[in-house]
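**Student:** End of the sequence shown = 279 in my numbering, gap-free, step of one.
Please keep in mind that the hints were generated in silico from the structure rather than gathered at the bench. Every residue, glycine too, gets a C-beta built ideally from N, C-alpha and C. Hints may contain errors.
Stated by the list, open to error - Cβ-Cβ distance ranges computed for the label pairs, FRET-style: (1) D192 / D154: 19 to 29 Å; (2) R63 / P223: 24 to 34 Å; (3) R168 / R63: 32 to 42 Å; (4) T121 / K227: 32 to 42 Å; (5) P73 / P256: 31 to 41 Å; (6) P223 / V158: 21 to 31 Å; (7) F133 / P71: 31 to 41 Å.
Said to hold, decoys possible - Computed list of lysine-lysine pairs in DSBU-like fashion (alpha-carbon distance at most 35 Å, straight line): (8) K176 / K227; (9) K176 / K248; (10) K227 / K248.
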Amino acid sequence: MNELLTLLNLCVGLAVLGVVAVLFHKTRRIHVKLFALEDEIRSLRTTESANHYRQVQAFIGLRDLMDFAVPLPPLRMWAASPDFLLVIARHALAARPRVVVECSSGSSTVVLAQAARTSGTGHVYSLEHDPVFAAETRAMLADQGLSDWATVIDAPLVPVTLGGETFRWYDDTGLKDLGPIDMLVIDGPPLDTNALARYPAGPRLLPRLAPGGAAFLDDAARPDETKAVARWQDAFPHLVRSNPSCEKGCVRLTAPGGAAAVSTGLTQPEPVTNSATAC
1 MNELLTLLNL CVGLAVLGVV AVLFHKTRRI HVKLFALEDE IRSLRTTESA NHYRQVQAFI
61 GLRDLMDFAV PLPPLRMWAA SPDFLLVIAR HALAARPRVV VECSSGSSTV VLAQAARTSG
121 TGHVYSLEHD PVFAAETRAM LADQGLSDWA TVIDAPLVPV TLGGETFRWY DDTGLKDLGP
181 IDMLVIDGPP LDTNALARYP AGPRLLPRLA PGGAAFLDDA ARPDETKAVA RWQDAFPHLV
241 RSNPSCEKGC VRLTAPGGAA AVSTGLTQPE PVTNSATAC
(Lines of atoms letter the chains of each structure in order from A and count residues from 1; the text may use other names and numbers.)
(Lines give C-alpha, C1' and ligand atoms only; values in the text may rest on other atoms or scores of the structure.)
Protein backbone atom coordinates (compact mmCIF):
# COMPACT_ATOMS: atom_id res chain seq x y z
CA MET A 1 0.00 0.00 0.00
CA ASN A 2 2.81 2.37 0.90
CA GLU A 3 4.52 1.59 -2.37
CA LEU A 4 1.31 2.44 -4.24
CA LEU A 5 1.01 5.76 -2.42
CA THR A 6 4.65 6.54 -3.11
CA LEU A 7 4.17 5.76 -6.79
CA LEU A 8 1.01 7.88 -6.89
CA ASN A 9 2.78 10.80 -5.23
CA LEU A 10 5.64 10.45 -7.69
CA CYS A 11 3.22 10.53 -10.63
CA VAL A 12 1.45 13.58 -9.23
CA GLY A 13 4.78 15.30 -8.65
CA LEU A 14 5.92 14.57 -12.19
CA ALA A 15 2.61 15.83 -13.56
CA VAL A 16 2.94 19.05 -11.58
CA LEU A 17 6.51 19.49 -12.78
CA GLY A 18 5.32 18.92 -16.34
CA VAL A 19 2.62 21.56 -16.01
CA VAL A 20 5.11 23.99 -14.47
CA ALA A 21 7.56 23.32 -17.31
CA VAL A 22 4.88 23.95 -19.94
CA LEU A 23 3.78 27.14 -18.20
CA PHE A 24 7.39 28.30 -17.92
CA HIS A 25 7.98 27.60 -21.62
CA LYS A 26 4.84 29.48 -22.65
CA THR A 27 5.61 32.38 -20.33
CA ARG A 28 9.11 32.63 -21.77
CA ARG A 29 7.71 32.65 -25.32
CA ILE A 30 5.28 35.40 -24.33
CA HIS A 31 8.13 37.45 -22.87
CA VAL A 32 10.24 36.98 -26.00
CA LYS A 33 7.33 38.07 -28.21
CA LEU A 34 6.60 41.05 -25.96
CA PHE A 35 10.22 42.19 -26.16
CA ALA A 36 10.15 41.81 -29.96
CA LEU A 37 6.85 43.71 -30.13
CA GLU A 38 8.29 46.45 -27.93
CA ASP A 39 11.26 46.82 -30.29
CA GLU A 40 8.91 46.89 -33.30
CA ILE A 41 6.71 49.54 -31.70
CA ARG A 42 9.75 51.62 -30.79
CA SER A 43 11.03 51.40 -34.38
CA LEU A 44 7.58 52.23 -35.76
CA ARG A 45 7.30 55.24 -33.47
CA THR A 46 10.68 56.50 -34.64
CA THR A 47 9.76 56.06 -38.30
CA GLU A 48 6.31 57.60 -37.90
CA SER A 49 7.67 60.51 -35.89
CA ALA A 50 10.23 61.24 -38.59
CA ASN A 51 7.55 61.07 -41.29
CA HIS A 52 5.14 63.27 -39.33
CA TYR A 53 7.91 65.83 -38.90
CA ARG A 54 8.65 65.70 -42.61
CA GLN A 55 4.98 66.23 -43.49
CA VAL A 56 4.80 69.22 -41.14
CA GLN A 57 7.90 70.64 -42.81
CA ALA A 58 6.36 70.10 -46.24
CA PHE A 59 3.10 71.73 -45.17
CA ILE A 60 4.89 74.78 -43.80
CA GLY A 61 6.92 75.02 -47.00
CA LEU A 62 3.77 74.72 -49.08
CA ARG A 63 1.94 77.36 -47.06
CA ASP A 64 4.84 79.81 -47.26
CA LEU A 65 5.35 79.16 -50.97
CA MET A 66 1.73 79.52 -52.05
CA ASP A 67 0.26 82.21 -49.74
CA PHE A 68 -3.28 80.79 -49.68
CA ALA A 69 -6.16 83.12 -48.89
CA VAL A 70 -7.73 80.59 -46.49
CA PRO A 71 -6.34 77.38 -44.92
CA LEU A 72 -6.36 74.16 -46.91
CA PRO A 73 -8.67 71.32 -45.80
CA PRO A 74 -7.20 68.32 -43.94
CA LEU A 75 -4.50 66.51 -45.91
CA ARG A 76 -3.01 62.97 -45.93
CA MET A 77 -5.00 59.73 -45.55
CA TRP A 78 -7.13 59.53 -48.72
CA ALA A 79 -6.23 63.11 -49.63
CA ALA A 80 -2.87 64.14 -51.06
CA SER A 81 -0.05 64.51 -48.55
CA PRO A 82 1.84 67.79 -48.09
CA ASP A 83 5.06 66.40 -49.58
CA PHE A 84 3.32 65.47 -52.86
CA LEU A 85 1.54 68.83 -53.00
CA LEU A 86 4.86 70.60 -52.47
CA VAL A 87 6.45 68.64 -55.34
CA ILE A 88 3.73 69.58 -57.84
CA ALA A 89 3.58 73.17 -56.56
CA ARG A 90 7.30 73.69 -57.10
CA HIS A 91 7.09 72.24 -60.58
CA ALA A 92 4.08 74.33 -61.54
CA LEU A 93 5.70 77.54 -60.32
CA ALA A 94 9.00 76.83 -62.08
CA ALA A 95 7.70 75.33 -65.34
CA ARG A 96 4.70 77.68 -65.72
CA PRO A 97 2.55 75.11 -67.58
CA ARG A 98 -0.22 76.49 -69.77
CA VAL A 99 -2.43 73.40 -69.74
CA VAL A 100 -2.62 71.41 -66.51
CA VAL A 101 -4.79 68.29 -66.44
CA GLU A 102 -5.64 66.56 -63.20
CA CYS A 103 -7.27 63.18 -62.60
CA SER A 104 -9.36 63.69 -59.43
CA SER A 105 -10.01 67.02 -57.76
CA GLY A 106 -9.42 68.37 -54.27
CA SER A 107 -6.63 70.16 -52.44
CA SER A 108 -4.27 69.54 -55.34
CA THR A 109 -6.64 71.51 -57.60
CA VAL A 110 -6.38 74.48 -55.26
CA VAL A 111 -2.58 74.19 -55.13
CA LEU A 112 -2.24 74.02 -58.91
CA ALA A 113 -4.68 76.89 -59.46
CA GLN A 114 -2.81 79.03 -56.93
CA ALA A 115 0.43 78.26 -58.77
CA ALA A 116 -1.17 79.37 -62.03
CA ARG A 117 -2.37 82.62 -60.47
CA THR A 118 1.01 83.26 -58.87
CA SER A 119 2.89 82.75 -62.13
CA GLY A 120 0.21 84.57 -64.12
CA THR A 121 -0.24 81.81 -66.68
CA GLY A 122 -1.99 78.50 -67.20
CA HIS A 123 -5.30 76.84 -66.36
CA VAL A 124 -6.15 73.66 -64.46
CA TYR A 125 -8.67 71.16 -65.85
CA SER A 126 -9.65 68.65 -63.18
CA LEU A 127 -11.61 65.48 -63.96
CA GLU A 128 -13.93 64.50 -61.09
CA HIS A 129 -16.32 61.54 -61.13
CA ASP A 130 -18.07 62.32 -57.84
CA PRO A 131 -20.56 65.25 -58.01
CA VAL A 132 -20.23 65.88 -54.27
CA PHE A 133 -16.44 66.14 -54.44
CA ALA A 134 -16.72 68.28 -57.56
CA ALA A 135 -18.97 70.74 -55.72
CA GLU A 136 -16.64 70.78 -52.72
CA THR A 137 -13.63 71.53 -54.92
CA ARG A 138 -15.48 74.34 -56.71
CA ALA A 139 -16.37 75.79 -53.31
CA MET A 140 -12.73 75.62 -52.18
CA LEU A 141 -11.64 77.35 -55.38
CA ALA A 142 -14.23 80.08 -54.81
CA ASP A 143 -13.12 80.56 -51.20
CA GLN A 144 -9.54 81.03 -52.40
CA GLY A 145 -10.59 83.37 -55.24
CA LEU A 146 -9.29 80.85 -57.79
CA SER A 147 -12.40 80.04 -59.83
CA ASP A 148 -10.93 81.72 -62.92
CA TRP A 149 -7.81 79.56 -62.78
CA ALA A 150 -9.33 76.07 -62.61
CA THR A 151 -12.24 74.18 -64.11
CA VAL A 152 -13.65 71.10 -62.40
CA ILE A 153 -15.07 68.85 -65.12
CA ASP A 154 -17.89 66.49 -64.19
CA ALA A 155 -16.53 63.21 -65.55
CA PRO A 156 -18.45 60.10 -64.46
CA LEU A 157 -16.65 56.79 -64.68
CA VAL A 158 -17.50 54.95 -67.89
CA PRO A 159 -16.31 51.64 -69.39
CA VAL A 160 -13.16 52.05 -71.47
CA THR A 161 -11.54 49.17 -73.36
CA LEU A 162 -7.75 49.28 -73.71
CA GLY A 163 -5.78 46.42 -75.21
CA GLY A 164 -8.65 44.00 -74.74
CA GLU A 165 -9.16 44.96 -71.07
CA THR A 166 -12.11 46.99 -69.81
CA PHE A 167 -11.68 49.62 -67.12
CA ARG A 168 -13.91 52.22 -65.48
CA TRP A 169 -12.31 55.53 -66.39
CA TYR A 170 -13.31 59.17 -66.45
CA ASP A 171 -15.50 60.39 -69.28
CA ASP A 172 -12.68 62.58 -70.57
CA THR A 173 -14.52 64.07 -73.54
CA GLY A 174 -14.30 67.39 -71.71
CA LEU A 175 -10.59 67.44 -72.55
CA LYS A 176 -10.92 66.82 -76.29
CA ASP A 177 -10.54 70.46 -77.32
CA LEU A 178 -7.46 71.10 -75.19
CA GLY A 179 -4.05 71.42 -76.78
CA PRO A 180 -0.96 69.53 -75.64
CA ILE A 181 -0.79 68.87 -71.90
CA ASP A 182 2.10 70.62 -70.15
CA MET A 183 1.51 69.07 -66.74
CA LEU A 184 -0.49 65.99 -65.78
CA VAL A 185 -1.31 65.03 -62.18
CA ILE A 186 -2.75 61.55 -61.63
CA ASP A 187 -4.41 61.01 -58.25
CA GLY A 188 -7.55 59.11 -59.24
CA PRO A 189 -9.81 57.26 -59.69
CA PRO A 190 -9.94 55.64 -56.22
CA LEU A 191 -8.19 52.33 -55.64
CA ASP A 192 -11.45 50.39 -55.23
CA THR A 193 -12.79 51.45 -58.65
CA ASN A 194 -11.27 48.39 -60.30
CA ALA A 195 -7.90 46.69 -60.62
CA LEU A 196 -5.23 49.03 -62.02
CA ALA A 197 -7.68 51.90 -61.60
CA ARG A 198 -5.20 54.57 -62.76
CA TYR A 199 -3.64 52.63 -65.61
CA PRO A 200 -5.92 54.20 -68.28
CA ALA A 201 -4.28 57.58 -67.63
CA GLY A 202 -1.29 56.25 -69.54
CA PRO A 203 -2.81 55.34 -72.90
CA ARG A 204 -5.46 58.07 -72.65
CA LEU A 205 -3.33 61.04 -71.63
CA LEU A 206 0.43 60.41 -71.78
CA PRO A 207 0.48 60.61 -75.62
CA ARG A 208 -0.84 64.16 -75.25
CA LEU A 209 2.10 65.41 -73.19
CA ALA A 210 3.74 68.46 -74.74
CA PRO A 211 7.52 68.43 -75.37
CA GLY A 212 9.05 68.80 -71.93
CA GLY A 213 5.69 68.08 -70.30
CA ALA A 214 5.65 66.14 -67.04
CA ALA A 215 3.22 63.66 -65.49
CA PHE A 216 3.10 63.08 -61.72
CA LEU A 217 1.55 59.95 -60.17
CA ASP A 218 0.59 59.96 -56.48
CA ASP A 219 0.38 56.77 -54.36
CA ALA A 220 3.04 55.22 -56.58
CA ALA A 221 4.20 52.83 -53.84
CA ARG A 222 0.97 50.82 -54.03
CA PRO A 223 1.11 47.53 -55.98
CA ASP A 224 -1.49 48.54 -58.59
CA GLU A 225 0.25 51.85 -59.29
CA THR A 226 3.60 50.07 -59.56
CA LYS A 227 2.12 47.73 -62.18
CA ALA A 228 0.52 50.65 -64.03
CA VAL A 229 3.82 52.51 -64.22
CA ALA A 230 5.57 49.40 -65.55
CA ARG A 231 2.99 49.18 -68.34
CA TRP A 232 3.38 52.86 -69.15
CA GLN A 233 7.12 52.42 -69.35
CA ASP A 234 6.71 49.58 -71.83
CA ALA A 235 4.35 51.64 -73.98
CA PHE A 236 6.20 54.97 -73.77
CA PRO A 237 9.94 54.20 -73.54
CA HIS A 238 10.85 57.77 -74.57
CA LEU A 239 9.63 59.15 -71.24
CA VAL A 240 12.23 59.77 -68.55
CA ARG A 241 11.37 58.73 -65.03
CA SER A 242 12.27 60.42 -61.75
CA ASN A 243 11.21 59.55 -58.22
CA PRO A 244 10.27 62.45 -55.95
CA SER A 245 10.56 61.40 -52.33
CA CYS A 246 7.00 61.23 -50.97
CA GLU A 247 5.46 59.19 -48.15
CA LYS A 248 3.00 57.41 -50.45
CA GLY A 249 5.41 57.10 -53.35
CA CYS A 250 5.55 59.37 -56.38
CA VAL A 251 6.67 58.89 -59.97
CA ARG A 252 7.38 61.64 -62.48
CA LEU A 253 7.51 60.89 -66.22
CA THR A 254 8.89 63.64 -68.44
CA ALA A 255 8.57 63.93 -72.21
CA PRO A 256 11.76 64.86 -74.08
CA GLY A 257 12.19 68.33 -75.53
CA GLY A 258 11.04 71.69 -74.24
CA ALA A 259 12.84 73.66 -71.55
CA ALA A 260 15.47 72.22 -69.26
CA ALA A 261 14.22 69.92 -66.52
CA VAL A 262 12.82 71.71 -63.48
CA SER A 263 14.20 70.86 -60.05
CA THR A 264 11.47 69.76 -57.65
CA GLY A 265 13.56 67.93 -55.10
CA LEU A 266 13.73 64.82 -57.29
CA THR A 267 16.24 62.06 -57.17
CA GLN A 268 18.50 61.69 -60.17
CA PRO A 269 16.42 60.94 -63.28
CA GLU A 270 16.63 57.41 -64.59
CA PRO A 271 15.87 56.25 -68.12
CA VAL A 272 12.70 54.22 -68.43
CA THR A 273 13.33 50.48 -68.35
CA ASN A 274 10.99 47.52 -68.23
CA SER A 275 12.22 46.46 -64.81
CA ALA A 276 11.91 49.81 -63.03
CA THR A 277 9.38 50.05 -60.23
CA ALA A 278 7.77 52.94 -58.41
CA CYS A 279 9.28 54.15 -55.19
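**Student:** Each hint should be assessed against the structure and marked as holding or not.
**Tutor:** Tested hints:
1. Evaluation of the 19 to 29 Å hint for D192 and D154 yields a pass: the beta carbon distance comes to about 20 Å.
2. At about 33 Å, the CB distance of R63 to P223 agrees with the hint of 24 to 34 Å.
3. The beta-carbon spacing between R168 and R63, approximately 35 Å, falls within the hinted interval of 32 to 42 Å.
4. Remark: the range hint 32 to 42 Å for T121 to K227 is upheld by a beta-carbon distance near 35 Å.
5. As the Cβ distance of P73 to P256 is approximately 37 Å, the hint placing it in 31 to 41 Å holds.
6. Between P223 and V158 the Cβ separation comes to about 25 Å, which falls inside the hinted range of 21 to 31 Å.
7. For the pair F133 and P71, the supplied restraint of 31 to 41 Å is violated, since their beta-carbon distance comes to about 19 Å.
8. Between K176 and K227 the CA atoms are separated by roughly 27 Å; this keeps the pair inside 35 Å, and the hint holds.
9. Taking the CA atoms of K176 and K248, the gap is near 31 Å; set against the 35 Å cutoff, the hint holds.
10. Distance restraint check for K227 and K248: the Cα-Cα separation of roughly 15 Å lies within the 35 Å cut-off, and the hinted pair is therefore satisfied.
When held up to the earlier numbered hints, the structure conflicts with hint 7 and nothing else.
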